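These protein sequence lines are chains A and B, in that order. Taking our numbering, the leading residue of the first sequence gets 1, the next gets one more, and so forth. Taking our numbering, the leading residue of the second sequence gets 217, the next gets one more, and so forth.
Calculated from the structure, these hints are not laboratory results. Note that the structure is predicted; figures quoted are calculated from it, not measured. It cannot be assumed that every hint is accurate.
Claimed, not checked - Pulled a few chain B residues facing chain A out of the computed Cβ check, cut under 8 Å:
(1) 598
(2) 600
(3) 663
(4) 726
What the hints assert, rightly or not - Now the stretches of chain A that chain B is said to cover, found in silico as 3 or more residues with beta-carbon under 8 Å:
(5) 30-42
(6) 56-63
(7) 157-166
(8) 194-206
We put the CB at the ideal spot given by N, CA and C, even for glycine.
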Amino acid sequence: MKVVVVDDMVLIREGIVRILRDFGVEVAAQAGSAEPLQELVETHDPDVVILDIRMPPTFTDEGLRAAAELRATRPRTAVLLLSQYLDAAYALRLLHDVPERVGYLLKDRILDLATLTDALRRLEQGETVIDPTIVSRVLGRRRQGSDLARLTPRELEVLALVAEGLSNRAIAERLHVNERTVESHTTQVFQKMDIEPSSDSHRRVLAVLTYLRMNS
Amino acid sequence: MRRRGWTAWTADAAAVAAAVALLVAVGAHWSIAYSRSELALAWITVVAAGCVVVAGLLGGRPPRAFRAGWVALFFVVPAAVVLDVSASLRIVALALAAAFPLVVASFTASVVRLSARTVTVALTLTTALDIAARVFLSDPALDADCSPYCGDNPLLVSHRPGLLLAADRALALVALLWCVVAISQIVVAHSQAPAARVGAALAVLAGAIAAVALLVRAGTSASAGTGDVSAAIVVAALVPAFGLAAAPDLLMWRTRLRVRTLASDLTAGFEGDGVAGHLQRAMVDPSVRLAFPVSAGAFIDSQGLPTELARHRATTILARDGEPIAVLEHAPASSSLIEAALNPAVTIAAENERLHAQAQSHLAELQQSRRRIVERADEARRHLERDLHDGAQQQLLLLGLDLSHTAEAADAVERERYLEALHHAQAALTELRRLVHDQLPPVLDEFGLVEALRSMAEASPVPIVLDATAAPATRPDLAVERVVYGVSLSSLSEAEAHGASAMSIRIEERAGRFTVTIRHDGVGAADHTDDEDRVGAVGGRLDMLAGEDGVAYVASFP
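Using the sequences plus the hints, can you model the full thing?
This is the structure in structure tokens:
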């Protein structure tokens with residue numbers, strides 16, 4: 001797997017690069033800002049671009065914008081956004097701006113090798129990745145009195161994994177059940193939440209997160 | 217201050233001329249009248265004419281008390297000396313009858329309009345004509361009532377009782393016209409005039425009608441030139457004479473009207489267009505504008521907002537005790553009216569308005585400074601958030617990276633310790649992120665209040681129902697959003713601290729105001745000064761409603 005890492009903090013960037021290399025990921029190039037990104041991507045044709053959300057000049061959402069621009073020119077390149085922001089609003093904007101092959105992870109995940117590499121692998125396979133912390137935050141306080149109260153604990157578990165972007169097969173592996181069981185769970189969940197059922201990772205992440213955000 | 221135009225001078229000259237004519241005529245009349253009652257009546261006429269002269273010579277404004285004194289001196293004292301008792305009583309009665317219209321005339325004069333002066337002049341001229349007719353066209357020897365004791369009339373041109381009667385009737389008609397005009401204008405111009413004034417005006421009408429009736433009756437009975445006719449004519453002459461004595465008051469009517477309007481403007485307060493509006497109407501110049509000096513070269517308008525003087529326009533400085541109060545900007549053509557318009561009442565009103573404008577200006581400055589303080593505090597919190605993100609958080613991440621790197625190379629025991637340290641670093645990162653988010657989260661600046669509150673609700677230990685269905689389509693000012701976020705956050709801590717089980721936040725536009733209602737079913741804290749200050753600083757207001765089922769905070773902003 002070939003990646004490009006963009007982060008304005010040199011030490012952090014180098015830390016990320018070292019971790020990825022240790023793990024066997026090829027880091028084709030790295031940059032301190034989004035400016036040379038297009039060129040680097042043209043040159044190296046990476047599978048995934050890892051972007052920090054806060055970069056110069058405004059240190060707010062440059063990473064988000066760079067991701068959207070990149071997608072416009074390179075629809076096949078996956079984007080993993082590393083963010084300090086827990087707010088689901090950023091993740092949702094990313095999902096809207098970059099449909100498919102996109103991931104939003106908290107920056108702390110660079111210390112959590114398993115999650116980071118799992119995310120890269122899933123992105124390479126065309127899935128969508130949303131940080132579990134953000135999903136649990138969105139799900140957290142919404143059980144009482146909402147439609148979610150009608151879900152069984154198992155169904156809630158499945159819903160959270162769907163929101164993280166996992167495919168039915170990945171969910172099945174994670175929960176040690178067979179895929180068919182997961183399918184029936186998701187069908188149930190979508191029916192109860194009145195969401196159009198879909199097997200497309202990206203589309204159902206967007207649908208579930210939007211639903212959870214809007215039905216408080 | 218009062219500018220006397222040519223009309224005023226002409227009127228004064230006419231008054232003096234009429235008075236002189238009256239004196240000459242009366243002197244001549246006196247010389248042919250031997251009866252003591254005729255003598256007394258002639259004296260009254262002299263006094264009336266004297267009033268006219270005094271009024272004319274004093275430039276128009278002898279005080280009312282002075283005029284009353286004049287009446288007393290010239291009516292009653294000589295009459296009592298010259299005449300016997302019964303005649304004296306008659307004279308006193310006549311004097312009172314004459315003093316009454318004098319007083320009433322001066323009241324009337326303050327309210328009637330310009331055309332009344334014209335009628336007054338006409339009346340005076342008619343009176344002079346009538347007296348002239350009596351002097352030159354009446355032979356006492358041919359008058360049955362007068363012949364026993366009247367002497368020759370050396371000024372007699374020819375005895376023409378028909379012409380004398382015509383002159384009497386003309387005088388009667390003009391007097392009646394004067395009364396009608398005066399009364400109608402009192403009623404029209406001053407519906408708010410005190411009842412006493414209207415009553416006085418009606419009394420004038422009644423008196424004048426009585427006099428005219430007497431005149432007409434006398435004039436039509438038997439022959440002209442009798443004692444009754446004399447009395448009637450003199451009484452009728454008194455009315456215009458005293459009216460003329462009050463002529464300066466009549467001439468002042470316009471200024472008086474302005475001052476009166478100003479007084480009622482002042483009573484009504486500053487809701488209208490203020491002193492400038494008054495001057496616009498008084499000077500018939502819609503471009504009149506007032507500016508108040510605050511510091512060197514800087515001006516404010518009546519609302520306290522900074523303003524500048526237009527360079528191409530005429531300006532007049534309004535000063536009091538040498539200190540400039542206001543600058544009056546007006547059309548160059550209105551310059552001649554300025555002096556007349558700027559009477560003391562206007563100056564006081566302008567000074568009052570300046571104080572009001574200054575207070576407004578200071579208030580606005582204070583409000584702005586208050587807002588700046590809150591904005592700077594918020595900005596400082598944003599900086600803190602940024603510094604924590606880019607500083608402490610990154611350092612912790614680096615520490616974590618180092619620890620995980622070192623852990624890999626270490627032996628099993630060491631590795632365990634490094635991983636434990638890594639966990640601490642991760643916990644510190646989580647804690648730091650929570651802390652940062654409780655400042656001003658970037659999501660507020662970038663996505664707006666609704667998203668920020670939604671995020672707050674997600675992490676809230678107390679379930680929050682957020683209702684933004686009626687929220688305005690456009691985001692309010694960032695300063696307002698930050699303040700609302702702060703108030704919501706402090707309400708949430710309060711709800712959490714006082715064991716609330718539910719909280720709701722509703723964002724809406726209510727009556728044109730951006731309104732946020734925060735409710736929770738816990739107990740409200742006693743002191744909300746901090747929140748009130750923050751809301752007030754950005755121009756809003758915060759109301760707290762406490763009930764049995766909880767508390768509600770309503771923050772609204774224009």
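Numbers of the earlier hints that this structure fails to satisfy, in rising order: Failing hints, ascending: 1, 2, 4, 5, 7, 8.
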